[in-house]
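**Student:** Please put together the full structure from these sequences, using the hints given.
These protein sequence lines are chains A and B, in that order.
Per my numbering, residue 853 is the first one in the first sequence, and the count goes up by one each step.
Per my numbering, residue 16 is the first one in the second sequence, and the count goes up by one each step.
Since the hints were derived computationally from the structure, they do not count as laboratory data.
Small disclaimer: the values here were computed from a predicted structure and weren't measured.
Note that CB positions come from ideal geometry on N, CA and C, so glycine has one too.
Only pairs whose alpha carbons sit at most 30 Å apart, straight line, appear in this in silico BS3-like list of lysine-lysine: (1) A:K941 with B:K315; (2) B:K437 with B:K353; (3) A:K1300 with A:K1112; (4) A:K1087 with A:K977; (5) A:K998 with B:K315; (6) A:K1200 with A:K855; (7) B:K151 with A:K1194; (8) A:K1162 with B:K95.
Not close to chain A: a few residues of chain B, all C-beta gaps over 12 Å, as computed: (9) D42; (10) T44; (11) K235; (12) P259; (13) N440.
Here are some of the chain A residues that sit facing chain B, going by a computed Cβ distance under 10 Å: (14) M853; (15) P906; (16) E946; (17) I948; (18) S958; (19) K1015; (20) T1157; (21) E1238; (22) Q1242.
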Amino acid sequence: MRKAPVFSFLSLLFLLLMVPSPIKAQQTKIIGEYSKRVLSNGMTVYLMEQRELPIVSLNVLVAAGSVLDPQGREGVASVTTELVWRGTKVNDAEDISYQFDSVGASLNQFVDLEFSGHTVQFLSKDREHVLALVAECLSGPTFPKKELALSLKQRIASLIREKDDPSQLVDEYLYAFLFQNHAYGRPSEGDERSLERIGQSDLVRFYQDHYFPKNLTLSIVGDFESNDMFEALEKVFALWRTEGHSNKRKIVETPHPVEKMKLLLVNKKDAPEAFFMVGSVGISFSNPDRFGLEVVNTALGGKFTSALNKVLRVDSGLTYGVGSAFRRYQQPGPFLVSSSAKTESTVKALQLTLETLKKFREQGISTDQLRGAKAYLMGQYPLRFETTDQLAQVIATLHFYGVSPSDLNTYLGRFQGVSIEDTRRLAAQYFSEERVVIVVIGNADQLKPALEEVWSDIELREINLPGYNP
Amino acid sequence: MPIFHSVLLFLFCLPLVATAAPLQLRDFTLANGLKVIVEEDHSIPSVSLQVFYQVGSRRELSGQTGLAHFFEHMMFRGTKKYPGNQFDTVMEEAGGRNNAYTHRDMTVYLNWIPSALLGRVMELEADRMVNLTLEKDVFEAERLVVAAERRSNVDSDNNSLLYEQLWANAYVAHPYQHPVVGWSFDIDHWTLDQLRQFYHGGYAPNNAVLVVVGDVTTTKVREMVTQTFGRIPKRDIVLNHITPEPDQQGERRFEFIRETQTPSMIVGYHVPETKSKETLALEVLAEVLFTGESSRLYRKLIREAELATEVSGGVVLGADPTLFMMSASAHDITALKKIEVMIDKELQSIAQEGIASEELRKVKNGLLAEFYRGQETLEGKGQLYGLYELYFGDYRRVFSTPDEYEAVTSEQVIEVIEKYLKQDNRTVGILVPESTRAIKSDKSSKES
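**Tutor:** The structure is reproduced here in structure tokens:
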């Protein structure tokens, strides 16, 4: 392959919420019509018809994510989402998976810091069967102990296996190092230590606290007639009447910005390539600077012809791929630059990265870069709303962050209105070559002396130690 | 992690009502041999434009491995008309994005563009089909990028290395033994002459298929294609011969000792090329064994016996005789031996009892659902048409394959197990943790 994917799924999801209008305003609507309704049990449902193919995508978003994991038992939210599908009073885990598999339905779960969710994709002809099963599992999971034991065993094995492939882990180490004791510094899926402490009662508690109709959003997109589908949902969910206590979103404090640069070196003995990330504290979801920063970030490291890619790949061949992104939550999330390089070239690659950040901070972007970044975002934008699954997820997430479709339409104008002066101010405010943390995973025997020639505040850690926090 | 380029993605079963090809799907062939497939789809104001070249790593000689993939990179590094990295800058500044991938049998170039950019991108693609400048300094710079790609995607990941070793062991003569990215040594030693030879021998309109899916009209596409690709003359295709793989006459096993905490195994059985009639039965078998949590091996190895932490498998896409693969990760090395025994037992059990109609139905429903999912994007549809054209010589077979799938029987699945999934026909690789070896040698030195 020529290019590695630049963004993780979750950062792409945030990118989706930043959408500008296409160059030619052929469509005034960003996404098509959809309706918002409420079931008799209080669950909000969004329905969008898309009838090109006989499939349906359903997305259930729970307003509770990993920041709500009990201290020391990180991973509870994630395990709960998984085990919702592993047994009810009527069906055990094998029955459930057999029933979904037998109609070719595909099931996925995800956990983010602030929300978690379930996606189910199925053929429209199987609607009755699938919806009944979905409702049964969401409303009455039993969290069998043997399923919990199996899940934890697999998760721990998976974490151990991931340590063989460090490219997957830099993210985790970065979050822990950047956010330290802040809620965002705790691993979303837990680590080897926290997972072992999770018991059935943790799952039951999490479920009782957060899984009730008024705390869930169900979005459904695909081959159906809306009233019809609403009736079908009403029918299967009617008996789920749990009130739940009114859910207060956890108050997460604002993370501290980085005061001075520090570096974490994670030793992976035989690594031929060092994977690294540079991070700082960025912006929250609702920050009005997000439009301009999306443009600036595209120019910096959000496309193949970005400034970072030019410096680190095209001109020097130091790396196969580099990207940058802002991830936004209720509170400021990280700004990240992510890349890799041969061990011997790591210091150089890091220096070039920091120099590029410095250049952006001091000079901003050119009018050419501004035009190119806007054009790229606009041209690629329709592709974010192609599939039923993409649409179902975007609708659910918009709702979670309090964005309605008409808001999106005002964003277009705001995005187009980002001026060169705006970008200069933003780059000066949000990019720094000094107030950053750096994480490097690689061969410490060779890297440590090389890094020490340039930077002084270096912490060392072995990759095989459990978790990501010293 | 290497993915199985399984025809699984592209085979599916027909619903009760037969599926016909969309009315807006057409094709034409230019005088110079370029086949063009066009589907009008106005759901979003975008176009997926894809170019499939029938040349991949299987056309490389030993000592020059990785050349096809390297060449894919060089396709972005400049022509006379669009020097430097203008292919990328012109495209991205007009709102387009591109990527490419190299396979053993083909190299595929993908573009996601706003509809207005169609003419320009056609011009760019036609231009680089024949006019690359291939300069020395650029050649050297891009060599470093590919070396970096190998290091980050293969050398840094034990399972990618294990996969590479499996193919190198399963094929003793045929070029499928080469890693697509190339061996490190070869990456460092390619010459510009070898690259030019590769270019002129394999990149021509009569060795390519162009697929356009999206917000276009067939008339306009035909016009643009004629004006751009139409000007390129047909060429003699000169490619290295391919040594056929001799029949494997006995099991091959190898160990791959690495610093790891996760022992795993990988297996490859020799099976016919994708266009064989037996491929469908093999795909059904893969689905029965591996797909979904109710699949036989997931259930038995992961849930019931708790021996494996991961298990997967499938048939790999191949223009030449290819592999049916399996892989599993375990908690410890003794578990792997048990996993092997259990897999053999499961295969034997299917060979003896066949597959019940309910299970066959489940499998076919899964494939139907995947078929529809694959058509949700413009890119997905384009990929289906291009791959079918290359592997079956007929993209329209996408729409008639459902009938063939529906017709797959339990007996056919039994037959392919008996013919191909036998010990003598397989290669097995084990990723062994170095620490396991240390314990063993400690023990033996104490005992002596």
